[in-house]
Amino acid sequence: MDKTKLLKLSITELIKAFELGQTSSEEATKACLEKIKNSQLNAVVHINEDAINLAKEADKKRREGKKGRLLGVPILLKANMCTKDNMPTSCCSNFLKDFKSPYNATVVEKLLKEGAVIIGKANMDEFAMGASNETSAFAKAKNPHDLTRIPGGSSGGSAAAVAGLECYASLGSDTGGSIRQPSALCGVVGLKPTYGSVSRRGLVAFASSLDQIGPITRTVEDNALLYEIIMGEDEKDSTTNRKPEKFVQNIGAPIKGLTLGLAKEYLDLPADSEVKQTVLNTIDFYKKNGVKVVEVSLPNIDKALAVYYILSSAEAASNLSRFDGIRYGKRVEGKDLIDTYYKSRTAGFGAEVKRRIMLGNYVLSSGFYDAYYKKATKVQQVLKQEFENAFLKCDCLIAPVCPQVAWHFGEKSTPISNYMADIFTVPVNIVGRPAISFPCGVNKDNMPIGVQLIADMNREDVLYKLASYFEKHKGVK
Amino acid sequence: MISRADVENTAKLSRLEFSKEELDQIQVDMNSVISYMEILNKVNTSKVGDLVREIGEMREDEICPSVDPEELLKNAPKKEGTAFVVPKVID
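Residue numbers (the working numbering), protein chains in the order written: chain G, 1 to 477; chain D, 1001 to 1091.
Source of the hints: derived by calculation from the structure; they are not laboratory data.
Careful: at least some of the hints might be erroneous.
[To be verified] Chain D stretches covered by chain G per the calculated footprint, using a threshold of three residues with CB under 8 Å from any CB of chain G: (1) 1004-1010; (2) 1028-1039; (3) 1061-1073; (4) 1076-1088.
For glycine and all other residues, C-beta sits at the position ideal for the given N, C-alpha and C.
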């Protein structure tokens, strides 16, 4: 098959082409690897040296009549997901540059069980802390729509690689927007699942009460397929609580009669007018197609960013205290044990990670705990109640994903200006709800704009119905 | 405002070393972020209880095979036999 045509296929189309004998996993995998090798995107940081052999095995299995919903499909993982193979699980940090996991993450086991070919690991902000992929210790990933712009973050490589046709799908992780925001900025589809839906076992922890793994794909249908495969309870992650469910059946389902909630306070958060207008156009589209639109209220949504940076930094500071240079990762010998901790951590972590650890330990330290950490957990409960009230009146909330389109490298110079990029995405993590980001238009420079739909707990079905309907009838792909 | 002493104490708690210039910058950054967080004081939370994190069902403790120690030690910066080598702790 023609290479460009081959790389542009969706997962569903690729599998059909396998079945018809029009192409093979070997051919598709080689095409991806070649694309990565010649790419300027820096989207992929670790290549699986066994990928072609694994693809050949998948082709053999198919010939033998063996089944697998992803049999032979080349997929990328974010570099914070553990794999027991030839690739490091580096988190794009110098601390874990050569770390090789002794086990597979649960999501990896699930992908392998369905026959996926994991071809490599994608670039990311160091330890998933960033909104532009600029904090990666290895290389800056670039936006496939304009190489002078960031791809978003922290799953910037995962989104850039899917948009740049370097794989058929990828997994990202979303703590405060890290799947949805790069998906929006690169013009692809990203899902942040309900908290507790996807096992975090083998995902290097950032903020454990917020982290969720989710799929990044070129179509809504591919997203539903991948989500169906990776979700469900895992006895090795006690926060998972969901039986396996089917989601592909929601693709193309009728949307008439569904209710969309508009929260004025949410839409009033600061964003570029082009972004706001595109989201308003999307609301109009749904209205014209039989979706009821109602007003709801989220009075404290403007506090979500502060809650998020307190909670996530506090949890990050605790989670990252395991990196001491003793059992794995970077070690720089000091004059004694404590000095070895200091030297290893100081040499291993980059500036943004250090900043978050400092912030986290500050808000947790005695004398400040009540004013910051405890206060944040209380406002979190207020926000949860507000969302609960909103979902009594609607099936779904709608909001922008990012206040602007992908910006240029180095444009945001202060921590706060970077953190503001998360203002529309962090509320979802704080309240544990699922949300999908999908392309809804472009700005004057032809840069993609994404829209975000947020559903109540465990209602990804509604997200897939609404997103797939838009995708089909607006012709956005 | 976060004082220099607070920053230095936090660095110690974090087991991170900073140069004087780095401490200057981090103090500026932390102050700008923390002052942004003051927005939370606008929310009256006097009637909100303390957060209770739900713990899922606990399982029974069972003896089962775990990761092979040799596999684990492959990542050790320094090892001897089946042990991690650490700097001397007791004089």
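Now for the hints, and whether the structure bears them out:
no.: 1; hint: 1004-1010; in the structure: holds (count 4)
no.: 2; hint: 1028-1039; in the structure: holds (count 8)
no.: 3; hint: 1061-1073; in the structure: holds (count 4)
no.: 4; hint: 1076-1088; in the structure: holds (count 7)
In this structure, every one of the numbered hints holds.
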